[in-house]
Every structure is written in C-alpha cells, then in structure tokens.
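Next come the chains, spelled out residue by residue.
Protein chains: 2
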Amino acid sequence: MDKNIFLSELKSQTERAESVVMKYLPDPEEMFQHSVVEAMNYSVTVGGKRLRPLLMQETYRMFRGQDEIVEPFMAAIEMIHTYSLVHDDLPCMDNDTLRRGRETTWKKYGEAMAVLAGDGLLNYAFETAMKSFDLIEKEGALFEVSSETIASRYQSCAKALTVLAEKAGIRGMVGGQCLDVEAEEKDLSLSEEELLFIHEHKTAALIQACFMIGGVLAGAGKRQIERLEKIGYNVGVAFQIRDDMLDVIGDTETLGKNVGSDEKDGKKTYVTLHGLEQSEADEKHLTEEALELLEGLPGKHEFMEELILSLLGRRS
Amino acid sequence: MDKNIFLSELKSQTERAESVVMKYLPDPEEMFQHSVVEAMNYSVTVGGKRLRPLLMQETYRMFRGQDEIVEPFMAAIEMIHTYSLVHDDLPCMDNDTLRRGRETTWKKYGEAMAVLAGDGLLNYAFETAMKSFDLIEKEGALFEVSSETIASRYQSCAKALTVLAEKAGIRGMVGGQCLDVEAEEKDLSLSEEELLFIHEHKTAALIQACFMIGGVLAGAGKRQIERLEKIGYNVGVAFQIRDDMLDVIGDTETLGKNVGSDEKDGKKTYVTLHGLEQSEADEKHLTEEALELLEGLPGKHEFMEELILSLLGRRS
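Chains as they are written, first to last, in this note's numbering: chain S, 1 to 316; chain X, 1 to 316.
Treat the hints as calculated values from the structure; they're not laboratory data. Hints should not be assumed to be uniformly reliable.
As the list claims (entries may be wrong) - Label pairs and their computed distance ranges (CB to CB):
(1) S:Thr14 with X:Met31: 50 to 56 Å
(2) S:Asp67 with X:Met31: 36 to 42 Å
(3) X:Leu196 with S:Gly313: 55 to 61 Å
(4) S:Gly219 with X:Gly219: 27 to 33 Å
Said to hold, decoys possible - With a Cα cut of at most 25 Å, we get these calculated SDA-like pairs of lysine to any residue:
(5) X:Lys186 with S:Pro91
(6) X:Lys186 with S:Lys186
(7) S:Lys159 with X:Ser146
(8) X:Lys138 with S:Thr162
(9) S:Lys159 with X:Lys23
(10) S:Lys138 with X:Gln224
(11) X:Lys108 with S:Gly110
(12) S:Lys138 with X:Glu137
(13) X:Lys267 with S:His34
(14) X:Lys186 with S:Ile225
(15) X:Lys186 with S:Glu166
(16) X:Lys267 with S:Glu111
(17) X:Lys107 with S:Ser8
(18) S:Lys108 with X:Ser189
(19) S:Lys131 with X:Gln155
(20) S:Lys108 with X:Lys159
(21) S:Lys186 with X:Tyr42
(22) S:Lys159 with X:Glu148
(23) S:Lys131 with X:Lys108
(24) S:Lys131 with X:Gly299
(25) X:Lys108 with S:Glu185
(26) S:Lys159 with X:Gly140
(27) S:Lys23 with S:Thr45
(28) X:Lys138 with X:Ser152
(29) S:Lys131 with X:Ser152
(30) X:Lys138 with S:Ile225
(31) S:Lys159 with X:Gln155
(32) S:Lys131 with X:Ile225
(33) X:Lys138 with S:Gly221
(34) S:Lys138 with X:Glu148
(35) X:Lys159 with S:Gly140
(36) X:Lys222 with S:Gly140
(37) S:Lys131 with X:Glu229
(38) X:Lys267 with S:Met31
(39) X:Lys131 with S:Asp134
(40) S:Lys107 with X:Asn95
Cβ atoms here follow ideal geometry from the backbone N, Cα and C, with glycine treated the same way.
All chains should be modelled from the sequences, with the hints used to inform the complete structure.
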C-alpha cells in the first residue's frame with residue numbers, strides 16, 4: 001500500500017474511531033455526580049492514538065462486518081484502557097503527574113476522585129458494551145427477524161463481552177498489573193519469564209481483545225479467533241517492547257510524558273534485561289510473525305498490515 | 001411467620017447465599033498474579049450478612065425462579081459491594097483500618113494492591129455474571145431447546161446484566177460516592193436533598209439491583225420490576241439511615257468497625273441533619289411502605305417480609 005494512501009486512510013479511520021469513542025462518553029448533564037463524569041471524560045478526551053478501537057474496527061471490517069454493533073465495544077475498550085492509566089498514575093502506583101502532555105487525572109481532580117473516575121470508567125465500559133444488546137432489540141423491533149437470528153446475535157455479543165471481561169481482568173490486564181506492582185514494592189529482580197508475563201498481560205491482553213472481538217462480532221470461526229488472539233499477542237508484546245525502548249531513546253516532548261522514569265526508578269524493563277539491540281530485533285521479529293499470521297486470514301488486509309508495520313519503530 | 005422458624009430459615013438461606021458467593025470466587029491457583037486474587041478473596045471472605053445475594057435469591061424464589069442462573073448474579077453483586085468497600089477504605093478516601101473486625105484490604109496488602117484488588121473485583125463481578133451465558137449454552141447443548149427459548153433466556157440475562165451495570169455505575173453507586181467524596185473534600189455543608197442523593201445512590205442502588213435482577217431472571221413483568229425497584233429503594237435508604245444511627249448509638253465490638261467516625265470527621269449524616277428520633281421514624285416509615293408494596297406482588301413473601309423487618313432496628 002502506498003505510504004500516502006495509508007496515511008490518508010489512517011487519518012480517516014482514526015477520526016471515525018475517535019468519533020465513536022466520543023459518541024459513547026457519558027453526558028455530564030446537570031446532575032449531582034457531574035464531577036466524576038467530568039473526570040472520566042477528561043481522562044478519555046486527553047487523546048492518544050485510539051489504537052485499540054482502530055484495531056477492533058479494522059478487524060471487524062476485514063471479516064466483512066458492516067453493522068453498528070462493533071461501536072459500543074470500540075468505545076468500551078478505550079474506556080478500559082483509559083481507566084487502567086488513571087489508576088496506574090495514582091501516587092500509590094506509579095505516581096505520575098504528566099500524561100500525553102497534560103496533567104494526570106489525580107493531579108487535576110485529586111486522588112479520591114481519580115480512584116472513582118477509574119472505577120466509573122471500568123463500570124461504564126461494561127455498560128457501554130452492553131448497549132450492543134439494545135442494538136439487537138432495536139433491529140428486532142424494526143425488521144422481521146427470526147428467533148434463530150436473534151439468538152445468534154445475542155450469542156455473538158455475549159461472547160464478545162466475555163472476551164472483553166476476561167482480557168481486562170485477573171487473567172488479563174489486572175493480572176499483569178499485579179505482578180508489576182509486586183515487583184516494584186518488593187524490589188524483586190524480575191526474571192525474563194516474569195517480565196514477559198507482565199507485558200503479555202498488562203499490555204497484550206487488551207490488544208488481543210481488540211482483534212478477537214472484531215472477529216467474534218463479524219462471525220469469524222473458532223480457528224480464526226485463535227489466530228487473531230495470536231496476532232494480538234505479537235502486536236501487543238512488540239508494542240510494549242517499543243514503549244520500554246522509548247523510555248530510553250524517546251524525548252519528553254514527542255511522548256507527552258516523562259521519559260527516563262523507568263531507569264530512574266530502577267525498574268526492570270525489556271531494555272534493561274535484553275539491551276536495546278535485542279529489544280529492537282525482538283520487536284521486529286514479533287511484528288513479522290504477526291504479518292505472516294495475518295496472511296492466512298480471509299478478506300483484504302493491506303491496511304491492517306500497514307497499521308501493524310507503522311507501530312514498528314514508532315517514535316511516540 | 002414464627003420468629004424461630006424465620007431465624008432457622010434465615011440461617012439456611014444465608015448459608016446457601018454464602019456457599020454461592022464462595023463457589024464463584026476466583027481460584028488463586030499457582031499463578032504469577034495470585035497476590036491480587038488473594039487480596040480480592042480476603043476482602044470477600046471477611047464476611048458480612050450477605051444481605052444483597054440473600055435479597056436477590058429470595059426475590060428470584062418469590063417469582064418461582066428455579067434455575068442456577070441467579071447464582072452468578074448473586075456472587076457478582078457481592079463482589080461489587082465488596083470492591084466499593086475496598087476502595088472506600090483507602091487512605092485517600094475514608095482512610096479506614098478496620099472492617100468487620102479485621103484489617104481493611106489496604107492495611108493488610110498495601111494501597112497499590114488494594115486499588116488493584118478493587119479493580120479486579122469489579123471486573124470479576126462482570127465476568128462472573130456473564131457465566132450465566134454459559135449456563136444457557138450448557139442447557140441448550142443438553143436438552144432440545146427452541147430458538148425462541150434461547151433468545152428469551154439471553155434477553156433476560158442481558159437485561160439483568162444491564163441493571164447490574166447501571167445500578168453500580170455513575171447513575172447508581174459510583175454517582176453517590178462522587179458526591180460523598182466531594183462533600184468531604186470541599187467541606188460542603190450538605191443539603192437534605194444532597195444527602196438523600198448520596199444514600200439513594202451509594203447504598204440503595206445496589207439493593208434495588210438485587211430485587212430487580214431477582215425479578216428479571218424469574219420472568220417478572222415490567223410493572224413488577226418497577227415495584228421491585230421501589231421496594232429496593234425503601235429498603236436501601238432505610239438501611240443507610242440505620243447505618244448512620246449505628247455510627248452514633250452502636251459499639252465498635254458489635255459492629256466490627258470504628259464508630260463515631262462520622263461525627264469525628266464532622267461528616268454530615270442523616271442523624272446530624274434530622275436527629276435520632278426523626279431518623280428512627282423515617283427508617284420505620286420507609287420499611288412499612290416497602291412491606292405494603294411487597295403485598296401487591298405474587299408468590300409467597302412471608303420470609304421476605306420478615307427479612308426486611310429484621311433490618312429495622314438492627315444493632316449491627
């Protein structure tokens with residue numbers, strides 16, 4: 001795919017993903033609890049690449065999905081990603097004050113409100129994903145739809161919800177955060193196995209969910225979902241290796257967050273364990289393997305290929 | 001209902017609810033993330049009345065529900081209740097060290113792990129409730145079940161999940177916590193309206209969810225669900241008024257938590273706003289109204305009546 005065509009496609013796809021995320025944010029209308037809603041929306045609108053909704057949207061499209069039903073899940077995954085950042089930044093966790101060039105949520109709204117905003121976002125992510133059920137009902141009310149079709153749509157949404165919850169929870173993201181917190185508190189010297197566990201769970205699990213949910217909602221088969229899970233694994237771990245590298249070679253301005261903090265904190269990262277050169281080689285290898293796996297899937301995947309490639313060697 | 005019969009029935013029903021909650025706890029098997037699972041399970045097994053699962057179980061039974069399908073929801077509501085306590089107890093929130101006679105989660109496992117344990121519990125609550133979908137599939141695989149039936153079971157579970165998420169989120173419990181946190185931080189003098197909002201949302205919302213989910217899963221109609229929501233409102237607000245009273249008239253030993261903390265913190269409660277006498281009268285009035293509403297529902301509700309009455313004037 002031509003570089004310019006990709007960039008213009010990326011721009012329009014990102015805008016679409018962005019508008020979906022915005023559409024599903026809660027409305028901080030005039031209500032007593034508007035502060036927590038404001039803090040939640042602040043955390044989400046602070047920006048970012050919207051990589052997760054983008055990957056989900058594109059996987060869904062690859063499998064010829066054409067309905068609105070993917071949208072609540074796109075918004076939900078971004079809310080879950082955001083809540084994890086809000087809680088990670090807390091003083092009792094990473095104690096970060098800057099993210100994407102703006103104050104972190106606790107710095108702006110206070111610790112208690114940041115805890116609540118994170119809780120609110122996690123809960124609202126599930127509320128949002130469950131709006132897919134309303135879409136099924138709405139369609140059933142508008143058109144003649146058989147019970148078989150309704151049952152099968154419910155099954156897809158239920159499966160997608162289950163993937164979302166599992167990949168975000170103790171067998172996914174929260175599990176990775178647990179070992180990360182422990183390592184920091186107990187000043188553990190992490191083994192390669194433990195660090196990989198953290199990367200697989202803290203970062204790759206949600207990326208896997210994006211690929212899998214896109215496939216599930218578009219009716220991909222069991223084998224295809226397994227392949228999507230593997231692709232998500234590779235893309236996610238490669239992504240985190242690059243993040244660890246950027247903490248060493250990046251600059252604060254481009255990243256919008258403080259760099260060198262891992263080293264300063266004496267934190268074990270992929271780079272401290274394997275060195276920059278090996279990290280770069282592993283990132284490349286994982287990415288290439290993901291592209292090979294992608295080859296075996298149906299549909300057009302030129303854009304997805306370019307998207308995955310664009311993460312390799314990124315500078316922010 | 002004879003007092004002794006009620007007490008013996010209460011004991012066996014509580015044991016049943018307890019065993020359901022235990023059954024659905026995650027297994028802290030040998031895995032890297034066992035610490036967070038241990039902290040989650042510690043928080044849940046610390047005990048309590050299991051009032052919420054009990055109310056849900058009994059409502060389900062009242063409407064002639066007979067399946068296992070209510071169980072994942074009983075466990076889920078207790079996990080959500082527990083996560084809210086774990087986060088409420090944090091130093092940046094209420095800074096409590098004692099709950100039900102044992103150390104609070106952050107006191108025992110540290111702040112970072114307590115934040116994660118709360119997140120893990122909230123997420124796992126949804127994972128658990130979604131196990132109801134597996135039960136539908138299992139039944140469908142074992143018996144000849146029509147598509148109509150499968151679709152309608154999915155619809156009930158989806159509705160129950162939606163109620164759970166809404167009542168736990170910004171329009172429910174988290175919304176109430178938000179105003180509570182703000183009032184404390186800004187030293188707001190709460191109006192009666194604002195305090196009632198906190199009680200309605202922080203406490204009553206989850207109690208409403210118990211009644212409503214029990215009804216939804218057993219196939220109660222729309223009007224009946226609305227009535228159950230009202231009953232939950234009354235029971236929940238009465239319950240919180242009694243909690244505020246117990247902070248003044250209770251003792252640490254019976255309660256298993258520090259008393260007088262509201263007054264010490266200069267916190268506005270139902271008692272500081274309305275006085276003990278009025279609080280008691282309002283608790284009674286709300287309870288009586290709940291019992292009248294209960295009268296209009298089908299099924300046997302002697303045990304539910306006694307259960308609601310037993311909350312009135314409780315000492316712990």
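Right, here's what the structure says about each hint:
1. Separated by about 36 Å at the C-beta atoms, S:Thr14 and X:Met31 break the suggested range of 50 to 56 Å.
2. Checked against the given bound of 36 to 42 Å, the beta carbons of S:Asp67 and X:Met31, roughly 37 Å apart, stay inside it.
3. Distance hint check for X:Leu196 and S:Gly313: the Cβ-Cβ separation is about 57 Å, which falls inside the suggested range of 55 to 61 Å.
4. Distance hint for S:Gly219 and X:Gly219: a CB-CB separation of about 30 Å, consistent with the stated range 27 to 33 Å.
5. Using a Cα cut-off of 25 Å, the hinted pair X:Lys186 and S:Pro91 holds, with the two alpha carbons roughly 21 Å apart.
6. In summary, the hint linking X:Lys186 to S:Lys186 is not supported, as the alpha carbons are separated by about 36 Å, beyond the 25 Å threshold.
7. Under the criterion of a C-alpha separation no larger than 25 Å, the hint pairing S:Lys159 with X:Ser146 is consistent with the structure, at around 20 Å.
8. Simply put, X:Lys138 and S:Thr162 have alpha-carbon atoms about 16 Å apart, close enough for the 25 Å limit, and the pair holds.
9. With a CA separation close to 22 Å, the supplied pair S:Lys159 and X:Lys23 stays within the 25 Å bound.
10. Our distance criterion of 25 Å between C-alpha atoms is met by S:Lys138 and X:Gln224, whose separation comes to about 23 Å.
11. Of the supplied pair hints, the one linking X:Lys108 and S:Gly110 holds, its CA atoms being roughly 24 Å apart against a limit of 25 Å.
12. Distance restraint check for S:Lys138 and X:Glu137: the Cα-Cα separation of roughly 24 Å lies within the 25 Å cut-off, and the hinted pair is therefore satisfied.
13. Of the pairs offered as hints, the one joining X:Lys267 and S:His34 holds, with about 21 Å between alpha carbons and a cut-off of 25 Å not exceeded.
14. With a C-alpha separation of about 50 Å, the suggested pair X:Lys186 and S:Ile225 falls outside the 25 Å cut-off, and the hint is violated.
15. For a cut-off of 25 Å, the pair hint linking X:Lys186 to S:Glu166 is broken: about 38 Å separates their Cα positions.
16. Only pairs whose Cα atoms come within 25 Å are accepted, and X:Lys267 paired with S:Glu111 is accepted, the gap being roughly 19 Å.
17. Note on X:Lys107 and S:Ser8: the hinted pairing is violated, with a Cα-Cα distance of about 52 Å set against a maximum of 25 Å.
18. For the hint linking S:Lys108 to X:Ser189, the alpha-carbon distance of about 23 Å falls within 25 Å, and the restraint holds.
19. Restraint check: the Cα-Cα separation between S:Lys131 and X:Gln155 comes to about 13 Å, which is no more than 25 Å; the hinted pair holds.
20. About 36 Å separates the Cα atoms of S:Lys108 and X:Lys159, which puts this hinted pair outside 25 Å; it is violated.
21. A C-alpha spacing of about 20 Å is found between S:Lys186 and X:Tyr42, which places the hinted pair at or below 25 Å, so the restraint holds.
22. The straight-line distance between the Cα atoms of S:Lys159 and X:Glu148 is roughly 19 Å, inside the 25 Å bound, and the hint therefore holds.
23. Our distance criterion of 25 Å between C-alpha atoms is broken by S:Lys131 and X:Lys108, whose separation comes to about 38 Å.
24. At most 25 Å may separate the alpha-carbon atoms for a hinted pair to count; S:Lys131 and X:Gly299 exceed this at roughly 32 Å.
25. For the suggested pair X:Lys108 and S:Glu185, the alpha carbons sit about 14 Å apart, so the restraint of at most 25 Å is met.
26. For the hint linking S:Lys159 to X:Gly140, the alpha-carbon distance of about 16 Å falls within 25 Å, and the restraint holds.
27. The suggested pairing of S:Lys23 with S:Thr45 holds, with an alpha-carbon distance near 12 Å, which does not exceed 25 Å.
28. For the given pair, X:Lys138 sits about 15 Å from X:Ser152 by alpha-carbon distance, which is consistent with the 25 Å threshold.
29. Pair hint S:Lys131 plus X:Ser152 holds up; C-alpha atoms about 17 Å apart against a cutoff of 25 Å.
30. A distance of roughly 21 Å separates the Cα atoms of X:Lys138 and S:Ile225; the hinted pair therefore holds under the 25 Å criterion.
31. For the hint pairing S:Lys159 with X:Gln155, the CA-to-CA distance comes to about 14 Å; that is within 25 Å, so the pair holds.
32. This hinted pair checks out: S:Lys131 and X:Ile225 have alpha carbons roughly 20 Å apart, not beyond 25 Å.
33. Our distance criterion of 25 Å between C-alpha atoms is met by X:Lys138 and S:Gly221, whose separation comes to about 20 Å.
34. A threshold of 25 Å between alpha carbons decides the hint, and for S:Lys138 with X:Glu148 the separation of about 17 Å falls inside it, so the pair holds.
35. For a cut-off of 25 Å, the pair hint linking X:Lys159 to S:Gly140 stands: about 16 Å separates their Cα positions.
36. Simply put, X:Lys222 and S:Gly140 have alpha-carbon atoms about 19 Å apart, close enough for the 25 Å limit, and the pair holds.
37. A distance of roughly 21 Å separates the Cα atoms of S:Lys131 and X:Glu229; the hinted pair therefore holds under the 25 Å criterion.
38. Distance check on the hinted pair: X:Lys267 and S:Met31 sit about 22 Å apart at the alpha-carbon level, within 25 Å; holds.
39. Distance hint between X:Lys131 and S:Asp134 is fulfilled; the C-alpha atoms sit about 20 Å from each other, no more than 25 Å.
40. Of the pairs offered as hints, the one joining S:Lys107 and X:Asn95 holds, with about 19 Å between alpha carbons and a cut-off of 25 Å not exceeded.
In this structure, the earlier hints numbered 1, 6, 14, 15, 17, 20, 23 and 24 are contradicted, and the remaining ones agree with it.
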